[in-house]
Amino acid sequence: MKSSIVVNIKKKRITELIASGKRTDGRGPTDYREIQIESGVIEKAEGSARVRLGKTEVLVGVKIGTGTPFSDVPDRGVLTVNAELVPLASPSFEPGPPGAQAVELARVVDRGIRESKAIDLEKLCVESGKLVFVVFIDVYVLNHDGNLIDASALAALAALINAKMFKYTVEEGKILKKPGYTPLPITNYPIAVTFAKIGNKLILDTELDEEQVSDARLTITMTKDGNICAVQKGGGSGYFTKEEISEATKIAIEKTAELRKFVVKN
Amino acid sequence: MKTNKKKLNKKRGKMTNKKPEKLIDKKGIRLDGRKVDELRPVKMEVGVLANADGSAYIEQGRNKILVGVYGPKEAHPRHIAKQDRAVIQCRYHMAPFSVDDRKSPAPSRRDVELSKVIREALEPAVFLKYYPRTSIQVFIEILQADGGTRCAGITAAALALADAGIPMRDLVVACAAGKAGGKIALDLMDTEDKIGEADVPVALMPNLNGITLLQMDGNLSVDEFNTAVDMALGGCRKLYELQREALKSKYVSAEEAKEE
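Protein chains in written order, with numbering that gives the first Met the number 0: chain A, 0 to 265; chain B, 0 to 259.
So that you can see chain A by itself, here it is in the shape it has in the complex:
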């Protein structure tokens, strides 16, 4: 564990640097680190993608199963997102059930996909009220160097686009697999961008050192039409002003469009 004194020294240095418009690795305030996306890396999963954001590395696997729908939406398939901060990814991660950080990560990714209607869940209904497909999105953080939310959301979307569903017929309420595959019914492409407030500046795509000294964070997820579908403020000691939030939404419009090009070709 790093002592708070070291963090405070680091905080001073990073804050001064950012106040003068610079960053530790020479990027501009809204520049992302190098983004690499590899799709279909896990053959056993229906869909998968590995995203590298600088040294941050996230693997997402999509599995498709069957189950019963929720009683309030009997004609829709089920979407579940889970995140694992596995101990090999960082000295600060420990084995055990997901903690608050992992739960928040999963729920922010979930909200972006769900609220943007990225998957047409109605098409995943086999028999209303009885049998639907369940899409499991599992976020696996492999190396933590900051900005897990954006990397995970990007990997989840890439894995969904990559996912293929087996063809099937229904006989006596049971699903029988047929040869061949179809893509998942994807109807939107949500992209998350996460701002960190350090001093009085907003920066995007923090690396771990920056993240540790930031005062607050704000994630904005946008649909392909430039609407906002999810927002989450986090980070303990600081706050945002209304002006900063308006500024962030403006930057988010451009930035989400830019990032979307990495996953959505054409």
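Derived by calculation from the structure, the hints in this document are not laboratory data.
The C-beta atom is built at its ideal place from N, Cα and C for all residues, glycine as well.
Hints may contain errors.
Heads up, simulated DSS-like pairs for lysine-lysine below, C-alpha to C-alpha not over 25 Å straight-line [what the hints assert, rightly or not]:
id, chain 1, residue 1, chain 2, residue 2
1, B, K182, A, K249
2, A, K129, B, K102
3, B, K193, A, K122
4, A, K166, A, K43
5, A, K10, B, K128
Covered, in the sense of this in silico footprint (three residues per stretch, anywhere, with C-beta under 8 Å from a C-beta of chain B), are these stretches of chain A [as the list claims (entries may be wrong)]:
id, segment
6, 104-115
7, 175-185
8, 216-227
Given the coordinates of chain A, work out where chain B should sit on it, guided by the hints.
Okay, now just chain B, sitting in the frame of chain A:
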């Protein structure tokens, strides 16, 4: 507010069983008789629990929420302690009988997330550096839920922290706005939240103009989002007046008791 109450109860009786078709009628009146920019009736009380170091109770519409604060006290388990400041341990918890279908008392993933964002909404307001190596516990119990419980919980939690005598930079007050029936509306209740298009909870430190919680789910244009945030901030400022009154009234009544 009083004249409204009769109308409110009458409308409520109607809506319990079937889903309403329209959330806002032609005249811009909502299911419970409110206008789009109107808060639900709010009642706040401070110092309601005998054992807690600080406590508060809030009713906002049909929400009924009790908050108890303990500490600063020895941090437990010890490894959560921070050498240079206090930590806040926050638990948002819903009573099994607080919602239509019984809720399991075990914390859900939603509860875990809300506990975290509520803690982060309160932390900026507390002088944590005054109490290194200690823990301040904030327990939020939702006795009855009807939409907007995280916001009402924050408003009450700030009162309970103040009641516990913990030094604070500012109070924290929270309120949601959202989109229901095609219109941006203040302080959504459960039906509006579920059927409506979006919900934007916001927490504010009113004197520092600091937004300490901001979430959204749904689908809004950037302009709609900014309008909703502004409307929620307006709601926060109205609630802040009630919050201050609630805090003052406890000590006014204490003074009166002393004089007698």
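Cross-check of the supplied hints:
1. With a C-alpha separation of about 22 Å, the suggested pairing of K182/B with K249/A holds against the 25 Å cut-off.
2. Proximity of K129/A to K102/B is assessed by CA-CA distance (about 23 Å); at most 25 Å being required, the pair is judged to hold.
3. Pair hint K193/B plus K122/A holds up; C-alpha atoms about 22 Å apart against a cutoff of 25 Å.
4. The suggested pairing of K166/A with K43/A holds, with an alpha-carbon distance near 16 Å, which does not exceed 25 Å.
5. At roughly 16 Å between alpha-carbon atoms, K10/A and K128/B fall within 25 Å of each other, so this suggested pair holds.
6. For the segment 104-115 of chain A, the stated coverage by chain B holds: 6 residues have a C-beta nearer than 8 Å to a C-beta of that chain, and at least 3 were required.
7. Given a C-beta distance limit of less than 8 Å, the hint that chain B covers the segment 175-185 of chain A is violated, as 0 residues qualify and 3 are needed.
8. With a cut-off of 8 Å between beta carbons, the segment 216-227 of chain A has 5 residues touching chain B; three or more are needed, and the interface restraint holds.
The structure is inconsistent with hint 7 alone, although it conforms to all the rest.
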